[in-house]
Amino acid sequence: MAIALTVASCFAVVSGAEAGIVAKVDLSSQTLTVINNGKVMYRWPVSTARKGYRTPTGSWKPKRLHRMWYSRKYDMSPMPYSVFYSGGYAIHGTGAVSRLGRPASHGCVRLHTANAKVFYSLVKRAGMSNTRIVVQR
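Residues -19 to -1, 1 to 118 in mature numbering (1 follows the signal peptide of the UniProt record, and there is no 0) are what the sequence shown lists, from first letter to last.
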């Protein structure tokens, strides 16, 4: 799958944020691109909101991190390596790896747990104030 993405396109949304971590979620391609100090480090498949739900678009700094979180809203579903960015929305790991690459969630951005661990560690190391999460169509 070809992804038309440049570092410049990620920074167009995050004006002036050339240092630190930028996590760009592309809803149309169901991918998460992680950029560290202007360099693309990772591009992973994700699952975002399925029909009847929504993943909000916009740009945020992470609000909180949890090594393991359990969704009170969805039957205590495990959310390993959660990086919450808007209300109850987070980037987090999932065991439903066969669904990655297509919409399947209640609105969160789900990725392979090993990748979620890498992302979580990057955010923790860089700091939430030096991280930006951008969700685009």
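Careful: at least some of the hints might be erroneous.
[Claimed, not checked] Below, simulated DSSO-like cross-link-like pairs (lysine-lysine); rule was C-alpha separation at most 27 angstroms, straight line:
1. Lys54 - Lys44
2. Lys20 - Lys54
3. Lys32 - Lys54
4. Lys32 - Lys105
5. Lys42 - Lys20
6. Lys42 - Lys54
7. Lys20 - Lys98
8. Lys98 - Lys42
9. Lys20 - Lys44
10. Lys105 - Lys44
11. Lys105 - Lys20
12. Lys54 - Lys105
13. Lys105 - Lys42
[Unchecked claim] What follows is a set of in silico ranges between Cβ atoms, one per label pair, in the way DEER data are often shown:
14. Lys32 - Lys105: 20 to 28 angstroms
15. Ala(-1) - Lys98: 20 to 28 angstroms
16. Gly19 - Ala77: 16 to 24 angstroms
17. Val78 - Ser52: 15 to 23 angstroms
18. Met57 - Lys20: 20 to 28 angstroms
19. Ser79 - Arg35: 20 to 28 angstroms
These aren't lab readings, by the way, just hints derived from the structure by calculation. All C-beta atoms, glycine included, are put in the ideal place defined by N, C-alpha and C.
Do the hints match the structure? See the list:
1. Lys54 - Lys44: At roughly 19 angstroms apart (the allowed maximum being 27 angstroms), Lys44 and Lys54 satisfy the hint.
2. Lys20 - Lys54: 36 angstroms, violated
3. Lys32 - Lys54: 18 angstroms, holds
4. Lys32 - Lys105: 32 angstroms, violated
5. Lys42 - Lys20: Holds, at roughly 19 angstroms.
6. Lys42 - Lys54: 23 angstroms, holds
7. Lys20 - Lys98: Distance of about 19 angstroms is within 27 angstroms: holds.
8. Lys98 - Lys42: Holds, at about 18 angstroms.
9. Lys20 - Lys44: 24 angstroms, holds
10. Lys105 - Lys44: Distance of about 12 angstroms is within 27 angstroms: holds.
11. Lys105 - Lys20: 18 angstroms, holds
12. Lys54 - Lys105: 25 angstroms, holds
13. Lys105 - Lys42: Answer holds: Lys105 to Lys42 is near 13 angstroms, not above 27 angstroms.
14. Lys32 - Lys105: 20 to 28 angstroms: Given a distance of about 34 angstroms, which is not inside 20 to 28 angstroms, the answer is violated.
15. Ala(-1) - Lys98: 20 to 28 angstroms: 23 angstroms, holds
16. Gly19 - Ala77: 16 to 24 angstroms: 32 angstroms, violated
17. Val78 - Ser52: 15 to 23 angstroms: 18 angstroms, holds
18. Met57 - Lys20: 20 to 28 angstroms: 38 angstroms, violated
19. Ser79 - Arg35: 20 to 28 angstroms: With Cβ atoms ~23 angstroms apart, the hint holds.
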